[in-house]
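A.B. asks: Single-letter residue listing:
Protein chains: 4
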Amino acid sequence: MNTFGNIYRLTTFGESHGPALGGVIDGMPAGIAVDTDFIQSELDRRRPGQGKLTTARNEADRVELLSGVFEGLTTGTPIGFIVRNADHHSADYDSIKDLYRPSHADYTYQMKYGVRDYRGGGRTSARETLCRVVGGAFAKLALRQLGINVEAHVVQVGNHLLTGSPAEREAQMEEIVSRVRAEGDSIGGIIAGVVSHCPVGLGEPVFGKLNAALAGAMMSINAAKGFDLGDGFDGVGQTGSQMNDEFCIDGGQVHTRTNHSGGIQGGISNGEDIRFRVLFKPVPTIMRQQNTIDKDGNEVAFTAKGRHDPCVLTRAVPIVESMAAMVILDYYLLNKTTTI
Amino acid sequence: MNTFGNIYRLTTFGESHGPALGGVIDGMPAGIAVDTDFIQSELDRRRPGQGKLTTARNEADRVELLSGVFEGLTTGTPIGFIVRNADHHSADYDSIKDLYRPSHADYTYQMKYGVRDYRGGGRTSARETLCRVVGGAFAKLALRQLGINVEAHVVQVGNHLLTGSPAEREAQMEEIVSRVRAEGDSIGGIIAGVVSHCPVGLGEPVFGKLNAALAGAMMSINAAKGFDLGDGFDGVGQTGSQMNDEFCIDGGQVHTRTNHSGGIQGGISNGEDIRFRVLFKPVPTIMRQQNTIDKDGNEVAFTAKGRHDPCVLTRAVPIVESMAAMVILDYYLLNKTTTI
Amino acid sequence: MNTFGNIYRLTTFGESHGPALGGVIDGMPAGIAVDTDFIQSELDRRRPGQGKLTTARNEADRVELLSGVFEGLTTGTPIGFIVRNADHHSADYDSIKDLYRPSHADYTYQMKYGVRDYRGGGRTSARETLCRVVGGAFAKLALRQLGINVEAHVVQVGNHLLTGSPAEREAQMEEIVSRVRAEGDSIGGIIAGVVSHCPVGLGEPVFGKLNAALAGAMMSINAAKGFDLGDGFDGVGQTGSQMNDEFCIDGGQVHTRTNHSGGIQGGISNGEDIRFRVLFKPVPTIMRQQNTIDKDGNEVAFTAKGRHDPCVLTRAVPIVESMAAMVILDYYLLNKTTTI
Amino acid sequence: MNTFGNIYRLTTFGESHGPALGGVIDGMPAGIAVDTDFIQSELDRRRPGQGKLTTARNEADRVELLSGVFEGLTTGTPIGFIVRNADHHSADYDSIKDLYRPSHADYTYQMKYGVRDYRGGGRTSARETLCRVVGGAFAKLALRQLGINVEAHVVQVGNHLLTGSPAEREAQMEEIVSRVRAEGDSIGGIIAGVVSHCPVGLGEPVFGKLNAALAGAMMSINAAKGFDLGDGFDGVGQTGSQMNDEFCIDGGQVHTRTNHSGGIQGGISNGEDIRFRVLFKPVPTIMRQQNTIDKDGNEVAFTAKGRHDPCVLTRAVPIVESMAAMVILDYYLLNKTTTI
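Protein chains in written order, with the working numbering: chain A, 506 to 845; chain B, 506 to 845; chain C, 506 to 845; chain D, 506 to 845.
Coverage of chain B stretches by chain C, computed from C-beta distances (three or more under 8 Å per stretch; other residues unrestricted):
1. 520 to 526
2. 612 to 620
Using 30 Å as the maximum straight-line C-alpha spacing, the simulated DSBU-like pairs for lysine-lysine come out as follows:
3. B:K800 / A:K841
4. A:K841 / B:K602
5. C:K841 / A:K841
6. C:K841 / D:K602
7. D:K841 / A:K800
8. C:K602 / D:K841
9. A:K800 / B:K841
Derived list of chain A stretches under chain C, where covered just means 3 residues or more per stretch with a C-beta under 8 Å from a C-beta of chain C:
10. 535 to 547
11. 646 to 655
Just so you know, these hints were derived from the structure itself, not from any lab. The C-beta atom is built at its ideal place from N, Cα and C for all residues, glycine as well.
Let's have the full structure, built from the sequences with the hints guiding it.
C.D. replies: See the structure below:
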């Protein structure tokens, strides 16, 4: 269950404060040029410490590729990779090792496994997502060659819809997050993703609908609590006559006049932009005292220490893109098996 | 890709106007008493023609069990089943065989497969979901023995939140749907599901989070366009201090004082009610003229014929329950492998 | 675990004395012409009662296709099928319902599941294999279009190597089997399979080697006890210099001068004939008194009743072919995903 | 396809002359004590350079565990590991980079992928198997706690059956291999494996028979060409009355008087010793001149350089054990899902 995908498959491992995180990419098509600078730049996008809004923890997060690439090309064999954990402050976590922090996974992991690496959240740490970004970066390299583009953006922070230019949107976001940080609190929001130039035909009905795969992928990201496609929840008040996407010929190609469907019909891509949204809850670590219990059932008061983002949205953008890129490549490859 | 699940697995087949639909349930635990009346009653819940709100097509939809049950008990071997298609009006569909109906899967299926059974939507028909209900009914039989309950309800039709007693809610719904039908239009809405008395520990991080599995399951249902967990999209404006669920001891048991998380933390059930919502778009078949193109790219006007629900929400309730029941049983079984 | 394959997948169900056996073929490529006479003729090859050597039980074993075929072509949607069980003599089995027959699966099923359908062996009956033959027949239809051929033959009965023309071989076999039947005993032997005109490149190292897939497929057949590839066990005394297959150019094509490897190198087909053998043990049902125990641990003497083949080799031939055909088609489809 | 197993899953990566090999073990039960000395000792058993019979290449082959273990116990999260490649003589391979060595995978990899890492065989090198040994060592740690034992031994070298004490058998083997080495040739043989104290009930009919899983596992090992269970090919001349294993009560337990079946009936373990054999062909690298072609189709003569084992049997023993241990643990865990 630490493997994602059908043909293009990512298997990951690693705890926040162990020696390293890493993974294996299996099913990478052979013969794709490997742009290592691009891969590292994708990792850098999710790294903490880039801007004003993110945590002070600053690790190099250098990915080391161990296999599957030869003379600059993918060979079709699995790509092993690791990212060392360099910047440990494990002692920070001694005070919480017997606590169940509110809305964290401490309690559920302890109950399920009977043992857990409590340091920095262990396997539940958001550091796990850097392996997804490596998997996504390789997928993007293949998609790029196919002309398929995957992009995501923060579109809402708390109740606030971001508007205007990228700079204006970033400014709005910084203002909200700064205020939340000053209050020792945290905030969530919404990221929107778009897959453009996606070929028609990706998606494997019935249970393998492309939207089902995207939903499962996105909801596997830490703190993701919701997903919708096309007009989604915002369109709940519309009727069929308002929502239906009529087909037309445009530029000699089949298109739909509108795209309320979000580029997927009957679980299969129709060639229009695939548009989806992912909801992220506020991170549960806040700089305020909270009440909880310890493993013996005693009530205890608890205040988080250390370095924590009050808002993970910016860093979640490349993760959303990565999951989408892996799904699209996986379903592109699956679709090749539809006919002999 | 017509198989759902890991240990408890449902594989389905069947087109709307073929001889039969059916499936195979694999991984059903041995020794469970099979209540065939219950299974049929679940199918009856999704059957058209039950109330004022649904289509006039009235098929018996009798399920025939072909294997895997002996002297009233499941044997642990696969359960094959079929449901005959009895009430064909295939000629109704001749007029649309070369059309791409707006927001249907005609176009994407044609492009993907090069051939499709256009009669009644073929494989894309909502009749496919009756196989899910059979799979869900068997899952419920096992869950019942474990004391786990799965229930769903329509909570919103279009923009209208249903309120009051079940009878009042049904009345509100009938009124809206009648109005929409009179206009030859269709309407969507939201179904909420609750899994109660779920044990702690179900869910397989990282990619196998219980919420990811539920999201993928729900988004594989026809016309589903969104999913959220716990407070979901409605809680987007809340901060961490408002959203965190503090642990406490209640009745000698670990509980959370609130349940904004929706019963899942770190991808693993925490013993609280699992609460989720599924968004359904309006069905695309409406009784109004629409513009589209045919397979040769000619623009054509098109008006649907035949019998069609203007709102599928009522019939989707047992389907949502079924998908949830299958996920919960599957993850219950998976969780047994956590330790030796 | 009642599903076989990766892309081309067969899921089966059914007990010997239940209402029907059947299955679902998923991943069948779209657009393949469906020759129903061929499919039925394949089933007839494994049917009892064809010749002098097989049991008197004579069922029609008519396959009913329920989906996935439209206007004579596969549609890419799953193909559901059933074969009714018509000729029940369940009462024959009452005397054995509490016994553990020697070298049958009675004991292991009872221990594993706690309940079993003892009639005719239930799920463990060789009747299960007719579903494999349906899956294999569809695979052969696709392979035929690709020019790939799969064939198997009985090459050894007991210690006796069959030689000469087909008629001579059949005569030798009949003589041995008749003698064994007269003694109330049973006999096994070896079936050899050949896949010819297989393209280069099928096989997915490391764990997905084509030979590993073939071995797993063959060893899943009832009564199969051994598998080898190429020269196999017969070549154990040869050295590397004797066994190596040197490459050459023949008719403008790359070939090997010899084919000790059996057409697979490094787990990947090399274009030569894929040659393998499957060992079948004698069927455990014999017409002699045997000692065993009942479910309460009492020692009991036991003599089989009913109709039983003393040798299943002839009927196993289409099953071996079917499993091979499914593996080859599955790996053909997988190989399409090696590159974009 | 670089993943092995259902619940207990090993995913591997790595080329012979890349930076490292490694893998991810997923599904390892939580709470198992990790004996790192044992794991390393298992790796040492397959390492070259241990005795007179194996190659001069002497690498440390130290495994580095990167995750999934905390305070000496498995945590149920995936175990990432790597083994660095320390001893490269890549230049040795320049002369063969455009050749297709007889009975190697050079040709099939080149055709399948269009690109390959030719150095030391790349992904096809037997060095890949050290990842299997790490996976097997962890499985053995869990099995040990369950009282299940897995052992393998070389029983035949070429045509020579080894007899007598371990020391005598080793002496016989050394003599044969020395002679073969002196002739610049190579030799294969047979390894026999035994799983003892295996519980009743492991195995998932129909396609998931325990023997099918073992066969697939063994045939995925480099150079494996055959597999049999119980009496196997040696028993082909026996009749049913000779081969059937009668049940009896022995020491208050159900047993079989004989074990021709090899501990598996109907695909499910019956509690007797699971006995199987694996055939290995002679390694294709020999110190004699061979004829072959290059990638342009030119005929070329070729003589191997470097250090090569004339017989891999001794080093294959821990690999056979590892594959068996992984299968048994996987099916032990699967069997826990048979009932609720």
